[in-house]
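Q: Following the hints, complete the assembly by docking chains B, C and D with the ligands onto the known chain A.
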Amino acid sequence: MDELSDLYAEVIMDHQRHPRNFGKLENFDREIQMTNSSCGDQISLQIKFENEKIKDLKFTGMGCAISMASASVMTEVMKGLSVKEAKHFCDEFLEMIREGKVPADDLKDAKVFSNIHKYPMRIKCATLAWHALQKAIE
Amino acid sequence: MDELSDLYAEVIMDHQRHPRNFGKLENFDREIQMTNSSCGDQISLQIKFENEKIKDLKFTGMGCAISMASASVMTEVMKGLSVKEAKHFCDEFLEMIREGKVPADDLKDAKVFSNIHKYPMRIKCATLAWHALQKAIE
Amino acid sequence: MKKDFPILSTVLPNGKKLVYLDNAATTQKPLSVIERISHFYKSENANVSRSAHYLGEQTTVSYNNARKAVAKFINADEDEVIFTSGTTESINMIAYGWGDPNVSEDDEIIVMTSEHHSDFVPWQQLAMRKKCKFKVVPLNIDGTINMVEFKKSITSKTKIVACARMTNSFGIINPVEEISKTVHENGAILVVDGAQSVPSMPTDVKNMDADFLSFSGHKMLGPMGIGVLYAKKDMLESLKPFLTGGGMIDEVKDESTTFACAPDRYEAGTPNVEGAIGLASAIEYLDEIGMENILEHERSLFEYAYSKLKSVDRVTLYGPKEIEKRAGIVTFNIKGIHPHDVAAVLDSNGIAIRSGHHCAQPILRALKVDFMATARASFYIYNDKSDVDALVDAIEDAKRRF
Amino acid sequence: MKKDFPILSTVLPNGKKLVYLDNAATTQKPLSVIERISHFYKSENANVSRSAHYLGEQTTVSYNNARKAVAKFINADEDEVIFTSGTTESINMIAYGWGDPNVSEDDEIIVMTSEHHSDFVPWQQLAMRKKCKFKVVPLNIDGTINMVEFKKSITSKTKIVACARMTNSFGIINPVEEISKTVHENGAILVVDGAQSVPSMPTDVKNMDADFLSFSGHKMLGPMGIGVLYAKKDMLESLKPFLTGGGMIDEVKDESTTFACAPDRYEAGTPNVEGAIGLASAIEYLDEIGMENILEHERSLFEYAYSKLKSVDRVTLYGPKEIEKRAGIVTFNIKGIHPHDVAAVLDSNGIAIRSGHHCAQPILRALKVDFMATARASFYIYNDKSDVDALVDAIEDAKRRF
Ligand SMILES: Cc1ncc(COP(=O)(O)O)c(C=O)c1O
Ligand SMILES: Cc1ncc(COP(=O)(O)O)c(C=O)c1O
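Protein chains in written order, with my numbering: chain A, 1 to 138; chain B, 1 to 138; chain C, 1 to 402; chain D, 1 to 402.
Treat the hints with care, since some could be wrong.
To be verified - Pulled a few chain C residues facing chain B out of the computed Cβ check, cut under 10 Å: (1) MET1; (2) ALA52; (3) GLU57; (4) THR60; (5) ILE249; (6) THR258; (7) ASP264.
To be verified - Simulated pairs of lysine-lysine, DSS-like, Cα-Cα distance not exceeding 30 Å: (8) LYS253(D) / LYS181(C); (9) LYS68(D) / LYS42(C); (10) LYS133(D) / LYS131(C); (11) LYS135(A) / LYS133(D); (12) LYS253(C) / LYS181(D); (13) LYS151(C) / LYS72(D).
Everything labelled a hint here was simulated from the structure, so no lab data went into it. Even for Gly, the Cβ is constructed at its ideal location relative to N, Cα and C.
If we strip away everything but chain A, and leave its shape as in the complex, we get (with noise of 0.2 Å):
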């Protein structure tokens, strides 16, 4: 395809068609609501923690591909790590997303967002999803 499908990845596109973990936990520890003031997407994010591990994650919103896909990605990668962990999945991700640098470890599918800083006003979208779970965590 063309210039776009290096924004619209397929594993996004596949993401945004079937957002993983997409819904509202029954029992959970923490709640975070975030917009992203310029454009209006919006996203709420519940984590369930376990020893100091995140035992599981959903969220609900709405928004682009960009950011929906984000949101899903981030919750598959994210379930099942310590909270430090996450911190330094989320720095790595930030840092990839906003500078274009190369992430030391390895980000799973978070990886096909490699190419959003090229795309500035998309960055924010890419990114809600991670601010959010920052504030969770923090």
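A: Leaving out everything else, chains B, C and D with the ligands in the frame of chain A:
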């Protein structure tokens, strides 16, 4: 001389050096203070009326040569005029200054200000005293 | 006409030709305006009013002439034209400068649900400061003002009614003349947001009988950073100076300050002369075309786009169908595609539209618009039917991809 | 350097070459700034942040980069830089946005007698709104701040101290570092007016420990209509948004509005992107010369002018003699000639200076300056000794004529 003599005509320089009717009246019916806010020029005008006529008038003030000479000339030409004549005279003067209109009536010494309309930044200087008079007799 | 606008020949890095359809956000500038600005800085620039030298005189004359040009353009008097930095500042100037000294706890302020945030939040905040009633007039299903509800909501306690002459969300032309009559019958003042209407149709402040009117230069071919507040002469008595400082004073003493006359008293600090003369140059360009013709042109493009899009599968069009209620704004959504993604696909086709809430969350919420966001294509003088065709093609591309 | 500034080759209608010495009022623009503006309108222009298309992206990136450039120039963080329309708006934004919510009747506000009206009237009006004490610090005979009196006037009740780093009337550099220490020891905040200092000397907000700093683009080679408010990070909590509207909100509901984060929350409405990028381009030009060098250059011209004028009959020079307290402003009067007439004669010689009260009536009144007005020649980067020579010659001409 050069183009400056357009602005600072002999008559103007004479009135500036020797302002007529400068000072305070012992007895007056009306006193008006006015400032030109953009440049700070100030005038205080006192008038004594008699039978609908301007019997006497004096001014004090602080300002540039144009504004002081214009006040001096104004007091000289206005003394003895009826209020109606004075109003008319004022209108003619202001039209001459603001629009460059050749006055229908004889403005006497006040005609030396006819070049001022070519100096938009000095219009307020030349008209301050006349506005003060207008306010005093309106 | 496109050749007067250098930016319109832009080719994107992917080789696509730019089709600029984001005019309700900001318009492009003709060469004449760009060159007027350069000329100003190359041969006139000085501070205004207070510098009595050759350049200062040039600048002062140009600035005063710009004020005259604006006054003529909206049929106002010179003293009624206050230069601001834009519509948003103009409206805040009324809210603080007129609202604060004149509104009290028992009063009411009325706005329409379809107002732009800049004509909504300042009034809401004023109402909060004054602890007075803030009424938001409901809309009809097509986004037009529900006039029955409006007339019910206005009372003798109403002090201020704020209303856009044209909305930026759907491009609806509101019946301000009718609103104005009702407002004045009830003893309130009418504050008109002209940010969208002044660029797109004739404006006559006396005809519409607005007490205040605000608009922005950048939405009508002028530079950024300049706007206008028209204040009806009768209002100048009760409009308090809002920003204070140099240029708006008469005399400053330690204990008190006296202020200059209007319009100076409302223009604190060094004015944006560049902006004012740039706006005057824009007005010259618009006048040559004629504001009636501009409205007609926008409407013809709207009708063309509407007729093409109304039968396109998955496309929802917002706003009334009646052409006399509209100007050149087409607001739409595509089922299953978030407007940001629509905008991204359109952008990859060279087409610049806007997506999002358009600073108009209340109307989107009230009408329960999908995603609380829409795509919006807005036309201006330099657009033509081929731009609409390109838009429609790109919408098909978006549908294919999502 | 003069050749970078097209306007400086102006020849007046009477054949005289322009000598521009009104830089404290506004500065001229180098071709690079003028062309940056044209380029923006010819190939980048869009609305910022909210328009996610090719041009919108260009504009947003340029706007953000401009903010970074300003932050770096004054050693601030990006989030601490708020774009305004100029110094006057910046100061009003502090007075309304910080003053109104944080000052009460028992508090005190202190300003210097030498403040510009834009850094005097907003504080006086705030004090009047709050019915609190407004103290004006007396000056020494040379126009410098009487530091003994200042230290006596500040108390634990003092909330705000406002002071220019450089005055526009006499070009005096005030000891803000020392003032800052005293202010903070007393638990007050320091608001610095940088309108004159930022263009003429290095600025480091951390070093001078200002809580707020304001300046204008047009006085430092940038376009009109753009200014900066620096707000120290600690102050952002207590600085209320002042102008409300589009672009500064988080969510708007009928009953309430939540605001975005700094700096967006303080920039309501479409920002002046042209102004911001023009200012960034000006900063680039200034950085190439170096702010230390600019101060040194101004001082060398001041010293040259001072040494020539101090022995000229009928000429009175204002301000301190010590060069370390001054930059490139020479303020003077000629005995028996009103400064407006001085300016007129100088203008006929091609020399642009300013005459009048320079928006600084309090200092002129306090020092009992003749005419309550002065003539003022102010130098900038493109002036040289030949300009000073022309000034001195023209002063002789004025003396001959009056
Ligand atoms: C010291 C000082 N403060 C404030 C101002 C006001 O700046 P502006 O007119 O750009 O708002 C000026 C310039 O006029 C100034 O010299
Ligand atoms: C209807 C309406 N009102 C107000 C505004 C605010 O104008 P500005 O951003 O130029 O201040 C806009 C544009 O954004 C608008 O479309």
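Q: Determine which of the earlier numbered hints do not hold for this structure and return their numbers in increasing order.
A: Result: hints 1, 11 and 13 break, sorted rising.
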